[in-house]
Amino acid sequence: MSEKQTSKVNGLPLTEATFFILLSISRKPKHGYAILKDVEALSNGRIRFSTGTLYGAISRLLEQNWIEQIDSNQPADTGRPRKDYALTAYGHSVMDAEILRLESVLASARMHLEETHG
Amino acid sequence: MKWKNPTNKMQVDVKIRGRRMKIERLLTYIYAALLHFYPAAFRTIFFDEMLDNFSVMLHHSADFLGLVVVVGRELCDLPLNICQAHWQIYKQLSQPLRRRKRIQWVVRIFGGLIIYLLISILSLILTPFYNVYAEAVPFVIALVLATVSMIIALYWGRVGGLLTIASGAAIGCCMTLYLYVMAVTQIGVVATVLIGFIWALPFLIFGILFYELSKPPKQRIIPV
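Sequence lines, in order, name chains V and S.
The numbering used here puts the first residue of the first sequence at 1, with every later residue one more than the last.
The numbering used here puts the first residue of the second sequence at 1, with every later residue one more than the last.
Honestly, the hints are just simulated from the structure, not real lab data.
Given the structure is predicted, the values throughout are model-derived calculations rather than measurements.
Even for Gly, the Cβ is constructed at its ideal location relative to N, Cα and C.
Hints should not be assumed to be uniformly reliable.
[As the list claims (entries may be wrong)] Far from chain S, by Cβ distances over 12 Å, these chain V residues were calculated:
| id | residue |
| --- | --- |
| 1 | F19 |
| 2 | S26 |
| 3 | I35 |
| 4 | A89 |
| 5 | A107 |
| 6 | H112 |
| 7 | E114 |
[Stated by the list, open to error] Covered by chain S, per the in silico footprint, the following chain V stretches (three or more residues, Cβ under 8 Å):
| id | region |
| --- | --- |
| 8 | 39-52 |
| 9 | 56-66 |
With the sequences and hints as input, model every part of the structure.
Here is the structure:
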């Protein structure tokens, strides 16, 4: 994705929590609890969501049309039908743009440090 | 090394597991009750999932300390999350619906203050030093009813509103009768009725407001 395309995406930069949620469901759709555990693992235990915080974030992401709710094949432990969350095409582009942004930030930082330390 | 009776150990394990399940069930009930503070539109979509997640988190916590950590985290985050969810829903409303929502909250806040005032009055009246039986039993009953009605109205606006109007009228009547018996010669009939009406007025206003604001709006709320 080019710089121009990156700047077109609204809502950047993402918060760390949002980024990890999107990253968690980027490969395949997941249900709430799986996202919760995945984010914890991806962030090396730094981000631990409460249920309320996770669903607040999911609600915002649904509203922004970055993710979508789909019916899961597996029911929950309680027997109720479970919902999975998947990235939309727009969500994918947002995540790509964020990765690009982070890479450019990192590249700038490295270049600056190399110049400073010789 | 001391030999332990395996049957006893198993019995203890079963007992502990049973107690833990009871605690988990109780905590899930409490959490379900707390989820009712979220806006209805939010609950419609996420209530079941949140409850399932919470019970799974409790179930997967290793020990009692784990349970405390899970519950503590939820309770700490809950107020802010509820506010954010309300704000998010509020942002999606159209302008007239937003105004209506604002009025609803103002009525609820002032209603809450009146409830607090009524409870304070009742706690003062219902002490052993105050001979309520000799003085104003119907009035105190009407006050209790008004308090309960307003608490109901905070959640079920229509029923609570009607009950608040009725209890307000009861308070007005009681006050009028009480003054009529005690001091009509000193203050006159008109003033007696007027004082009774003034006592009833706030409850009538709040009852009408609760009732009117609980009516479903003409425009539909955009779902999340």
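Hints and how they fare:
Every C-beta of chain S lies more than 12 Å from that of F19 (chain V), the closest at about 19 Å, which supports listing it as non-interface. With a least CB separation of 20 Å from chain S, S26 (chain V) remains clear of the 12 Å interface cut-off, as annotated. Non-interface call for I35 (chain V) relative to chain S: violated, since the shortest CB-CB distance, roughly 10 Å, does not exceed 12 Å. Every CB of chain S is more than 12 Å from the CB of A89 (chain V) (nearest about 20 Å), matching its label as outside the interface.
With a cut of 12 Å on Cβ distances, A107 (chain V) stays outside the contact zone with chain S, its closest approach being about 35 Å. At roughly 37 Å from the closest C-beta of chain S, the C-beta of H112 (chain V) stays outside 12 Å, upholding its exclusion from the interface. Every beta carbon of chain S lies more than 12 Å from that of E114 (chain V), the smallest distance being close to 42 Å; the non-interface claim holds. Beta-carbon proximity to chain S at under 8 Å applies to 4 residues in the region 39-52 of chain V; the threshold of 3 is reached and the given coverage holds.
With 6 residues bearing a CB less than 8 Å from a CB of chain S, the region 56-66 of chain V meets the requirement of three and the coverage assertion stands.
Hint 3 from the earlier list is the only one contradicted by this structure; the remaining hints agree with it.
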